[in-house]
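2 protein chains.
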Amino acid sequence: MGYKRKLGAQKTIFFATSNLNKSKEASDILSKYGIKITRVNVKTTEIQADSVEDVATAAVTQASKMGFLPIFVEDAGLFINALKGFPGPFSSYVYRTIGTRGVLRLLEGEKNRLSEFRSSVAFYASSDLKKCFSGTSVGKISEKERGTHGFGFDPIFKPIKGDGRTFAEMTMEEKDGLSHRADALKKFADWYLKFGAENML
Amino acid sequence: MGYKRKLGAQKTIFFATSNLNKSKEASDILSKYGIKITRVNVKTTEIQADSVEDVATAAVTQASKMGFLPIFVEDAGLFINALKGFPGPFSSYVYRTIGTRGVLRLLEGEKNRLSEFRSSVAFYASSDLKKCFSGTSVGKISEKERGTHGFGFDPIFKPIKGDGRTFAEMTMEEKDGLSHRADALKKFADWYLKFGAENML
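Chain order of the listed sequences is A and B.
Every number in this note's numbering is 2 more than the matching position in the first sequence, counting from 1.
Every number in this note's numbering is 2 more than the matching position in the second sequence, counting from 1.
This is chain A alone, in the form it adopts within the complex (with noise of 0.2 Å):
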């Protein structure tokens, strides 16, 4: 309640996203926390690297640069473990490239569908105040594409908490319960409403 009250004299936080389908769900996630976010269009230069993490951090260093603070990124994968982790941090890459019909097929016949969607939301205030939060969800690839909502490779994961569906069977209010990118976004929304916005007001 006490954070809840704070939140008339709180200012927006910039997300820096060029994908609406993310911002409607990190909106949808952080305005149950008082949270008020406004997209910046903006297509920062991913980093090739092995983690969403490091993407996601060298990211929010270059958005900053552009004045709009606070802001935040958030960079996500889907890792395969039957192979090696790919697509993970290329996932949109790959997404746009073979999309989901390729990913089935590199997995035809094979029983490990084992897999995890990772999600790295990365905060900057300032120089002394940046912060990353990592989120997941464990799940399968189905055999299948299934379901309409969502984005990505949604219509190929069944998280493991759920009950069967993939993430694109669901409401975004299901998924939300469930994704990794909610996970992350809670722990940065939980420690925001702590101790971030207090040193912003």
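In case anyone wonders, no lab produced these hints; they're calculated from the structure.
Just so we're clear, the structure is a prediction, and the values are computed from it rather than from any experiment.
Check the hints yourself; a few may be wrong.
Claimed, not checked - Pairs of lysine-lysine residues, derived as DSS-like cross-links and limited to a Cα-Cα distance of at most 30 Å, are as follows:
1. A:LYS34 <-> A:LYS196
2. B:LYS146 <-> A:LYS146
3. A:LYS132 <-> B:LYS67
4. B:LYS146 <-> A:LYS133
5. A:LYS67 <-> B:LYS133
6. A:LYS67 <-> B:LYS67
7. B:LYS86 <-> A:LYS146
8. B:LYS132 <-> A:LYS45
9. A:LYS34 <-> A:LYS189
10. B:LYS188 <-> B:LYS86
11. A:LYS86 <-> B:LYS189
Fit chain B to the known structure of chain A by using the hints.
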């Protein structure tokens, strides 16, 4: 001949790469121009860009900061038409994860096997003297892996100008006559001997 005579006085050029095979190829090609290279085993942070030119240019700027000058880097990618350019600038990551077999699997039953290897050599002597050279090799993806020479996707790439063998079925000398890397390095060597070396001696 004029160029060759200068070479006694010429200092070495540094080649920033952790890939020994790449270094061997570059050394082999450039030695024919009398250019001597010294490998610097450095892992630069690659950016996620859609072109190998951008990746190489960003990498050499970073590598130049170590102080070994003049220096160059080389970045290459295999762009497959039927896969919208995949794996493109992410070829080494894709090779390390799904490998040549993964790529062949994605192309099973696909008649359009057209693809292109692209290479970019980015050279840096000073902030006033930097340049990027690009080379290509058009070819087709074979139905199976063939050959044991070379590295990366060489066992599945048959250059159009060749005799049907893959890069991995050729000697280094034969590959140098047809490869994207040799194409870029030769353009670099021509320029370096004409204009670059004079400014650096």
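* Can you give the numbers of the hints that this structure goes against, from lowest to highest? -> Going through the list in order, the structure violates hints 4 and 11 and respects the others.
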